[in-house]
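So the protein lines, in turn, are chains A and B. Here this note's numbering is used: the first residue of the first sequence is 65, the next is one more, and so on. Here this note's numbering is used: the first residue of the second sequence is 65, the next is one more, and so on.
Keep in mind the hints are simulated off the structure, nothing from the lab. Just so you know, not all the hints are guaranteed correct.
One copy or any two copies: either way a pair holds, since identical chains are not told apart in the list.
[As the list claims (entries may be wrong)] Quick list of in silico lysine-lysine cross-link-like pairs, BS3-like style, CA-CA up to 30 Å:
id, residue 1, residue 2
1, 105, 540
2, 524, 119
3, 381, 119
Here is what each chain is made of, one letter per residue.
Number of protein chains: 2
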Amino acid sequence: MLVKQAACVGGGVIGGGWIARLVLNGVNVAVFDPDPEAERKISEVMANAERAFAKLTLAPRPPKGQWRLASSIAEAVDGAELIIESVPERLELKHQVYREIEAAATPDALIASSTSGYKPSDLQQGATHPGRILVAHPFNPVYLLPLVEIIGGPNAAASAIEHAMTLYADLGMKPLNVRQEIDAFIADRFLEAVWREALWLIKDGVATTEEIDDAIRYGFGLRWAQMGLFDTYRVAGGEAGMKHFFAQFGPCLSLPWTKLMDVPELTDELVDSIASQSDAQSGRYSIRELEHIRDDNLVAIIQALRGNDWGAGATLKAYEEQLYTRAHAAQTQTPTAQEDLSKPLLALETSVQPDWVDYNNHMTESRYLQVFGDCSDALFRRLGIDASYHARGLSYYTVETHIMHVDEVAGLEPIYATTQLLSADEKRIHVFHRIHHGRDHRLLASAEQMLLHVDTKAQKACPADPPILAALEPIKTAHAELPKPEAAGRHVGERK
Amino acid sequence: MLVKQAACVGGGVIGGGWIARLVLNGVNVAVFDPDPEAERKISEVMANAERAFAKLTLAPRPPKGQWRLASSIAEAVDGAELIIESVPERLELKHQVYREIEAAATPDALIASSTSGYKPSDLQQGATHPGRILVAHPFNPVYLLPLVEIIGGPNAAASAIEHAMTLYADLGMKPLNVRQEIDAFIADRFLEAVWREALWLIKDGVATTEEIDDAIRYGFGLRWAQMGLFDTYRVAGGEAGMKHFFAQFGPCLSLPWTKLMDVPELTDELVDSIASQSDAQSGRYSIRELEHIRDDNLVAIIQALRGNDWGAGATLKAYEEQLYTRAHAAQTQTPTAQEDLSKPLLALETSVQPDWVDYNNHMTESRYLQVFGDCSDALFRRLGIDASYHARGLSYYTVETHIMHVDEVAGLEPIYATTQLLSADEKRIHVFHRIHHGRDHRLLASAEQMLLHVDTKAQKACPADPPILAALEPIKTAHAELPKPEAAGRHVGERK
């Protein structure tokens, strides 16, 4: 179950990301942050998050929660079921914050730290109820990246860990329980190793920040967005498997392939050189522009993986299914849920997938027909046609399609499609589909289609089963009242 | 300019990937590999690569090159302009191979090593022409990942580096010139650092292979597929920039956040534990299935990034533009006088791609429209419409399409398509495409289309350029003699 009321202590890049993820999932959030600019900064993260979420999914999210600034930690945590601490990485500061939180919070509120490296047992020192303090370490941007590392250490209550695992999954995340506490947990150990190596490469003049970024994002970065280290090497080992991989690369462990036996000193000179290389690499973009580029790329990648039901895409898919289930449950609880057949049927809602666009970032021609085909499939499912019907050698085939293009739509934009039944008999269904833009409802394209019921073995037309025809009847009766679309019954090149 | 003839010494996972990338780009490749199973293994990599490339891009690749096994290094390198060495990582073996290569190769052939870590100056030791030996270090799968690190070291000729940078870009890759030679170059230093840290985490029982993979692919792996380390941190620093980032995370360098001060010992126990964790994680998939999952994910991610013209997607986009430009140049070099305009134009010949079919193994509806769209594109290219024409904001848009389905076709079957010009004026082209089976010539489907010439910035119709209209003229005159297709000018449901 989702929490209703949360508190965030600290509203910087990470705290702001938490606030956005919570609010977009319908949770009310009270925030304490002493920064006089906190309101502006959090509002900017919220704007980024809303922009990204609108592109990420069209699934029915609950109504947005509210967030507000509180004037003290005590006021922020009052009544909160979840309290997220994202203050700077100084242990004594965190201890002070927990003392203030515990003095005002209900004893069963979960207290989750966003720390990148302190162990829960360090954080829990001196707490009144140490068992409900744990680490929930997210990754920037918190509103888009699914991973959150959950670490309880030896003192956290098993129920607190369990509660956290459910809670973060409900927020669309992938909670990873780090079973043994360790400084920097799992992911940051890798980030720290790569970071130290990168500092050496720059210090020694081997590579610039841009060359290092390119070495990552054109190569192994693409691999790691979908498989991690070990699955990648499992595949690379080929038929001979992991052991072959070790035989080949094991000896490299003794070669001087990393500088990490030593820690680079972060001199002013090194910091200056990194900052100026980074300016040369990306100074032409504002930070806001870079945030949008990053978010658009992450959305596109996660959606691409959703198509393959894999990794972060599978997490998104599961999250959407959960949102649809909840919305459906909410709908069927309302007694009015009788469908309105006096207008075209809502066939589908989706967004223009990243691989649906041409070089102009316009939805490509053939994808329109794919969406129209999906509309017909939605109608078939509604009529009760399923795999067992097909298995009997019965199916509707499209014999004819007339498409009219009216307007363009760009990648990742939301679209929906409707279906109007023009006529139907025992063997034929004559439909008119329309694709609209999801926000401004403008018509993008229409398709008139003739679908023929066939015996697929004999490869000839035959009447559909009586239950199918019966299911068509109420739609046929209701849609007979709808005006005939202007584009129906027209041939190519016919003037209006 | 692309090379015509290459040699690959070593045809394992990496060598096989090189062979596939070369062959799919029209290069003939002679291969030497003493493995008695080399032919089968390379054929399997080729099948994977063809499958992935077919999904990656529909741009017109040159006719596939041929690959063949040679019985010796001397035979393989004979006449080759590019010689790729991908033999196991043992320096004395590589030296022996280079001696054999140099004895038989032309002195100006480029010799490129796929080594993951040996410096060019190590490899060049004892060579007759050390200046043309360099490292071109790719990433698995070589046929999909764009990155290739080009390292010449102090002895390589500047012209050899320059040649390599052009050559690999022509193969659709992102060559990164590593200016200073260093063991393991750039990318593998990071991989090695992460690998060592991962071995510690497993050895200490902190995480399993699956937990480590999840910590990567649900979090920073998604970031690194599109931005690298420094751009990511530049954005994370927020308004305060890189220096703020250093102020916050600099002190962590002195914390025990990585174990990399020490190298883990690769005991049999550790290797066994990794192998069995990896089996538990992914043993339910065969290696072939994992390869397909990986390739499908990489294709989807690269295509997603192409939509945003960013990173690996920008590389793909540039590659496709280059392929279209070359195809266009090849076409305009062929004298058109020989062509028979008294029948519909042959627009394309292809086969039904594996991902074009539905659960019945029939070519799916939307793919017909994709092929019809390719027919129109072929006509546009023939009329002289290229990227520079589009860049001026001029283009033909499809406004209307009427498809008639006549027969089914199964996956991998050959098909071809023709285009008949029904009429044309300054702004409009009215065409009739037909898709036929490639062997028995039966008609599978037809499409009547109206194409409108538009000013894409103003989003309104405008006359095409005079040279375009002039190129239309002879086709228009000749096709006026052709009988009007029965299916043209018909609306949906019209009886014959």
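Now for the hints, and whether the structure bears them out:
no. : hint       : result
1   : 105 to 540 : neither (51 Å within a copy, 58 Å between copies)
2   : 524 to 119 : between (33 Å within a copy, 28 Å between copies)
3   : 381 to 119 : both (14 Å within a copy, 22 Å between copies)
Figure legend: structure checked against the earlier numbered hints; the only hint not met is number 1.
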